[in-house]
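Position chain B against the provided structure of chain A, taking the given hints into account.
Residues per chain, in single letters:
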Amino acid sequence: MAAGGGIDPIHQFHINPIVELKPFGVDLSFTNTSLWMVIVLAVVSAIMIYGSSQRSVVPGRLQSLAEMAYEFVASTMTGVMGKDGLKFFPFVFSLFMFVLASNLLGLLPGSFTVTSQIIVTAALALLVISIVVIYGVVKHGTHFFGLFVPSGVPGWLLPFMVLIEAVSFLSRPVSLSLRLFGNMLAGHIALKVFGGFVVVLLGSGAALNYAIAPLPLLLAVALTALEVLVAVLQAYVFAILTCVYLNDALHPGH
Amino acid sequence: MPVRSSGFVRQGWLLAVGSFATLVAGAAQAATPGLSGEKASFPPFDPAHFASNLFWLAITFAALYWLMSKVALPRLGSILEERADTIGRDLDQATEMQAKAEEMAQAYEKALGEARKNAQGIAQTARETGAKASEAQRHATEAELAAKLAQAEATIAKTKVKAMGNVRDLGSDVAVAIVTKLTGQAPSASEASAAIDQALTRG
Numbered sequence: 589m590a591a592g593g594g595i596d597p598i599h600q601f602h603i604n605p606i607v608e609l610k611p612f613g614v615d616l617s618f619t620n621t622s623l624w625m626v627i628v629l630a631v632v633s634a635i636m637i638y639g640s641s642q643r644s645v646v647p648g649r650l651q652s653l654a655e656m657a658y659e660f661v662a663s664t665m666t667g668v669m670g671k672d673g674l675k676f677f678p679f680v681f682s683l684f685m686f687v688l689a690s691n692l693l694g695l696l697p698g699s700f701t702v703t704s705q706i707i708v709t710a711a712l713a714l715l716v717i718s719i720v721v722i723y724g725v726v727k728h729g730t731h732f733f734g735l736f737v738p739s740g741v742p743g744w745l746l747p748f749m750v751l752i753e754a755v756s757f758l759s760r761p762v763s764l765s766l767r768l769f770g771n772m773l774a775g776h777i778a779l780k781v782f783g784g785f786v787v788v789l790l791g792s793g794a795a796l797n798y799a800i801a802p803l804p805l806l807l808a809v810a811l812t813a814l815e816v817l818v819a820v821l822q823a824y825v826f827a828i829l830t831c832v833y834l835n836d837a838l839h840p841g842h
Numbered sequence: 086m087p088v089r090s091s092g093f094v095r096q097g098w099l100l101a102v103g104s105f106a107t108l109v110a111g112a113a114q115a116a117t118p119g120l121s122g123e124k125a126s127f128p129p130f131d132p133a134h135f136a137s138n139l140f141w142l143a144i145t146f147a148a149l150y151w152l153m154s155k156v157a158l159p160r161l162g163s164i165l166e167e168r169a170d171t172i173g174r175d176l177d178q179a180t181e182m183q184a185k186a187e188e189m190a191q192a193y194e195k196a197l198g199e200a201r202k203n204a205q206g207i208a209q210t211a212r213e214t215g216a217k218a219s220e221a222q223r224h225a226t227e228a229e230l231a232a233k234l235a236q237a238e239a240t241i242a243k244t245k246v247k248a249m250g251n252v253r254d255l256g257s258d259v260a261v262a263i264v265t266k267l268t269g270q271a272p273s274a275s276e277a278s279a280a281i282d283q284a285l286t287r288g
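Line by line, the protein sequences give chains A and B. 589 is the number of the first residue of the first sequence in the working numbering; add one for each residue after it. 86 is the number of the first residue of the second sequence in the working numbering; add one for each residue after it.
What the hints contain is simulated information worked out from the structure, not anything from laboratory work. One or more of the hints may lead you astray.
[Unchecked claim] Some chain B residues flagged as far from chain A (calculated, every beta-carbon gap over 12 Å):
(1) 129
(2) 133
(3) 137
(4) 190
(5) 203
(6) 211
(7) 225
(8) 240
(9) 252
(10) 256
(11) 257
(12) 262
[Stated by the list, open to error] Cross-link-like lysine-lysine pairs, in silico, DSS-like; alpha carbons within 27 Å at most:
(13) B:233 <-> B:247
(14) B:233 <-> B:245
(15) B:195 <-> B:185
(16) A:675 <-> B:155
(17) B:217 <-> B:233
(18) B:155 <-> A:727
(19) A:727 <-> A:675
(20) A:671 <-> B:155
(21) B:217 <-> B:202
C-beta: ideal position from N, C-alpha, C; glycine also.
For reference, chain A alone in the conformation it holds in the complex (with noise of 0.2 Å):
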């Protein structure tokens, strides 16, 4: 379908260089990638830092918006973690906020979605379990890896217990990665995909395929609908497996 004229699927996801930018032989361009992780920390930015900036005790509408971010991940992680968590909550809010912004802001026409690449996903992810490990290992030395020693196993099966453990901690930053760039990915393929049925029927010529050619139209409205929930849920989903993971190097106990 490349080739019929532009409703290639795939094509959302081509990463095209703005600013050619190659030191030491290295390609650093500012892509079309870039430009979109710059426009999520500017809106971001601007919601949270000029939201705030009128300090007033009764908020307007960008000052509870911002409130509401904060409270909603500030209590989400008190939820998780504890109170001792919220040491955590510049790292889980950014977390947030960076992949929320960048999931709804793909969903504009023509935008790009950052977290659509699985080396962003995977970046955050592996950021993620790197901060779980040095945190756990220098908070609490060898006794972090009683993670991987269930209590109350008998001692036969322990080795086994260990390495179940073991495979699952290091399947979590896959697991992580995976599940946001997955759902991101497949949920624009979708909706492009049904994007080009309207127009493949349309340009038809048939009468018949211009009698359903609504129906494709009806369900990537459908889609679209569902695309919002999906990318407010993965943002949500990632921020508290984050906190479900730090739980673990902060009382590596339970």
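Chain B only, in chain A's frame:
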């Protein structure tokens, strides 16, 4: 609820930036011209862009983290804290004022009770004074009337005595005249007087 990043998180950032740099370098190595030359590769999996993506992600995410942790979140935290303080203070004030109002109501209630008691006392005294005054007046009038009655009785008695004296004189004259006519001789005045007295006492 002001949230400050701990020293660990700050150190962790340096580590994270370091590991990002390593990742970027690794990705750059993977993106040799031979690999990225394949046109058919699926763009999200194309290692040619990994280095650039990681580089800009590191920059934008670090900037976002810095802006959030240094500017936005402390500010929002202080706004929320201030609001909680304001609400708490207002509530305290309201409770205080309510207590004051209740106190005033009690004081008013008390004053009202006292005033009622006073009014009752005053009415009682007034009633007693009035009763006493009218009693005294009645006594005075009665005494006056009694005096007048006594005076009248005395006058009556005096008049009666006088009248009785006149009657005796008249009687004795008549008796003397009758005796003189019957006997033809006038009795002495002392005889006549004794006879009349005898007759008067007989009734």
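Going down the list of hints, with the structure as the test:
1. The beta carbon of residue 129 (chain B) is not kept farther than 12 Å from every beta carbon of chain A, the shortest such distance being approximately 5 Å.
2. Under the 12 Å C-beta cut-off, the non-interface status given to residue 133 (chain B) relative to chain A is violated; the minimum distance is some 7 Å.
3. The non-interface label for residue 137 (chain B) is inconsistent with chain A: the shortest C-beta to C-beta separation is roughly 5 Å, within 12 Å.
4. Interface exclusion of residue 190 (chain B) from chain A stands, the closest Cβ pair being 32 Å apart, more than 12 Å.
5. Its beta-carbon lying about 51 Å from the closest one in chain A, residue 203 (chain B) satisfies the requirement of being farther than 12 Å from that chain.
6. Listed as a non-interface residue, residue 211 (chain B) keeps its Cβ farther than 12 Å from every Cβ of chain A; the least gap is roughly 62 Å.
7. Against the 12 Å criterion, residue 225 (chain B) stays outside the reach of chain A, whose nearest CB is about 82 Å from its own CB.
8. With a closest Cβ-Cβ approach of about 104 Å to chain A, residue 240 (chain B) is found to remain outside the 12 Å limit, as its non-interface label requires.
9. The claim that residue 252 (chain B) lies off the interface holds: its Cβ sits roughly 121 Å from the closest Cβ of chain A, which is beyond the 12 Å cut-off.
10. For residue 256 (chain B), the non-interface assignment is confirmed: its Cβ lies about 127 Å from the closest Cβ of chain A, beyond the 12 Å cut-off.
11. For residue 257 (chain B), the non-interface assignment is confirmed: its Cβ lies about 130 Å from the closest Cβ of chain A, beyond the 12 Å cut-off.
12. For residue 262 (chain B), the non-interface assignment is confirmed: its Cβ lies about 136 Å from the closest Cβ of chain A, beyond the 12 Å cut-off.
13. This hinted pair checks out: residue 233 (chain B) and residue 247 (chain B) have alpha carbons roughly 21 Å apart, not beyond 27 Å.
14. Restraint check for residue 233 (chain B) and residue 245 (chain B): the C-alpha separation of about 18 Å stays at or below 27 Å, so the hint holds.
15. At roughly 15 Å between alpha-carbon atoms, residue 195 (chain B) and residue 185 (chain B) fall within 27 Å of each other, so this suggested pair holds.
16. Only pairs whose Cα atoms come within 27 Å are accepted, and residue 675 (chain A) paired with residue 155 (chain B) is accepted, the gap being roughly 14 Å.
17. For the hint linking residue 217 (chain B) to residue 233 (chain B), the alpha-carbon distance of about 24 Å falls within 27 Å, and the restraint holds.
18. Annotation: proposed proximity of residue 155 (chain B) to residue 727 (chain A) holds, straight-line Cα distance about 24 Å (limit 27 Å).
19. The hinted pair formed by residue 727 (chain A) and residue 675 (chain A) meets the criterion: a straight-line CA distance of about 13 Å does not exceed 27 Å.
20. With a C-alpha separation of about 20 Å, the suggested pairing of residue 671 (chain A) with residue 155 (chain B) holds against the 27 Å cut-off.
21. Between residue 217 (chain B) and residue 202 (chain B), the direct Cα distance comes to roughly 22 Å. Compliance with the 27 Å bound is thereby established for this hinted pair.
The structure shown violates the earlier hints numbered 1, 2 and 3.
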